[in-house]
Amino acid sequence: MWWYFILAVIFLLLGLAIHVFKWYFLISGYNLMSKQKKENVDTQGLGKLMGYYCYFNTIIFLLLGVAHALELKIVMTIAFILFSLSTIYVLLKAPRYDGNIYDKDGKLRPGAFKKAAIPLIMTGAILIGVAILMIYSVQPTKISISDEGLQIYGMYGALYTWDSIEDVELLESLPEIKVRTNGSAVGSHLKGHFRTTELGAVKLFVNSKISPFVYLKCKGKDVIFNLPQSEETKAAYQEIVKRLKHL
Numbered sequence: 012m013w014w015y016f017i018l019a020v021i022f023l024l025l026g027l028a029i030h031v032f033k034w035y036f037l038i039s040g041y042n043l044m045s046k047q048k049k050e051n052v053d054t055q056g057l058g059k060l061m062g063y064y065c066y067f068n069t070i071i072f073l074l075l076g077v078a079h080a081l082e083l084k085i086v087m088t089i090a091f092i093l094f095s096l097s098t099i100y101v102l103l104k105a106p107r108y109d110g111n112i113y114d115k116d117g118k119l120r121p122g123a124f125k126k127a128a129i130p131l132i133m134t135g136a137i138l139i140g141v142a143i144l145m146i147y148s149v150q151p152t153k154i155s156i157s158d159e160g161l162q163i164y165g166m167y168g169a170l171y172t173w174d175s176i177e178d179v180e181l182l183e184s185l186p187e188i189k190v191r192t193n194g195s196a197v198g199s200h201l202k203g204h205f206r207t208t209e210l211g212a213v214k215l216f217v218n219s220k221i222s223p224f225v226y227l228k229c230k231g232k233d234v235i236f237n238l239p240q241s242e243e244t245k246a247a248y249q250e251i252v253k254r255l256k257h258l
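Numbering follows our numbering, in which position 74 of the sequence shown is assigned residue number 85; successive positions increment by one, without gaps.
Hint data in this document are derived by calculation from the structure and do not stem from the laboratory. Values in this document were obtained by computation on a predicted structure and should not be read as measured data. Every residue gets a Cβ at the ideal spot worked out from N, C-alpha and C, and that includes glycine. Each hint should be verified, as a subset may be incorrect.
[Said to hold, decoys possible] Label-pair distances were calculated between CB atoms; the ranges are:
(1) ASP114 <-> TYR167: 44 to 52 angstroms
(2) VAL190 <-> ILE92: 17 to 25 angstroms
(3) PHE36 <-> PRO151: 43 to 51 angstroms
[Unchecked claim] List time: in silico DSSO-like cross-link candidates among lysine-lysine, alpha-carbon distance up to 27 angstroms:
(4) LYS189 <-> LYS232
(5) LYS256 <-> LYS153
(6) LYS104 <-> LYS118
(7) LYS33 <-> LYS104
(8) LYS49 <-> LYS153
(9) LYS153 <-> LYS118
(10) LYS59 <-> LYS115
(11) LYS59 <-> LYS118
(12) LYS118 <-> LYS46
(13) LYS104 <-> LYS125
(14) LYS256 <-> LYS220
(15) LYS48 <-> LYS118
(16) LYS220 <-> LYS189
(17) LYS48 <-> LYS33
Start from the sequences and build out the full structure, keeping to the hints where you can.
Written out as structure tokens, the structure reads:
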């Protein structure tokens, strides 16, 4: 939670440094230009853009910190989307202040297409990456049960051998989640590493809106998962219990 507030302070200080104190050398790309090329950059306009970007994301990270403390997951999702959109906007807008790429009429200078294409490629890569990650994150959990153990597929998936599972329990509700340490939380879809009040560190593969949940007490890290249908989850639990009894 605290690192959100730390990032908010960092963004605020960067915004003030660039926008107010005009420390343009902090702007990536500009600081590497030759003196002649720097003279063709609208540093006032670029500094204003970067300053507003930093101020906006100062608010975003403050919002993320508060939402995390209050466990408002939907607010956190919206805040992350806003952060991504503001970053994409800056990547597209910043080259417009570079007179080495665009002339006074806003037209590309001869031979400047490659430079202008870089932010477009980066923006496209970000959009595609975010889309793939979000689509992948909301996919329902898939498992297979074999003589070797329980295999959970997809993001953060792993094989849990029977000798590594110490106990299994069917939960009607999830334990209270304190923090996401390294995972994905898109709406009710939770995947990855989380810390809970009752169990400490756990790995989740769940849709929190669909109960029940299978809790596996494992050597190393405990796991909680459920399947798209409640009956599927119950059947998986029964099969795991059966396998463990025959060890």
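Checked hints:
1. ASP114 <-> TYR167: 44 to 52 angstroms: Holds, since ASP114 and TYR167 (Cβ atoms, about 49 angstroms apart) stay within the stated range.
2. VAL190 <-> ILE92: 17 to 25 angstroms: Distance hint for VAL190, ILE92 holds at roughly 20 angstroms.
3. PHE36 <-> PRO151: 43 to 51 angstroms: holds (49 angstroms)
4. LYS189 <-> LYS232: This hinted pair holds, its Cα atoms lying about 16 angstroms apart.
5. LYS256 <-> LYS153: holds (23 angstroms)
6. LYS104 <-> LYS118: holds (14 angstroms)
7. LYS33 <-> LYS104: Given that 27 angstroms is the threshold and the Cα spacing comes to 19 angstroms, the pair holds.
8. LYS49 <-> LYS153: violated (54 angstroms)
9. LYS153 <-> LYS118: violated (51 angstroms)
10. LYS59 <-> LYS115: Answer holds: LYS59 to LYS115 is near 18 angstroms, not above 27 angstroms.
11. LYS59 <-> LYS118: holds (22 angstroms)
12. LYS118 <-> LYS46: holds (23 angstroms)
13. LYS104 <-> LYS125: holds (16 angstroms)
14. LYS256 <-> LYS220: violated (30 angstroms)
15. LYS48 <-> LYS118: holds (17 angstroms)
16. LYS220 <-> LYS189: holds (18 angstroms)
17. LYS48 <-> LYS33: Holds - the C-alpha atoms of LYS33 and LYS48 are around 18 angstroms apart, at most 27 angstroms.
Of the numbered hints given earlier, the model fails hints 8, 9, 14; all others are met.
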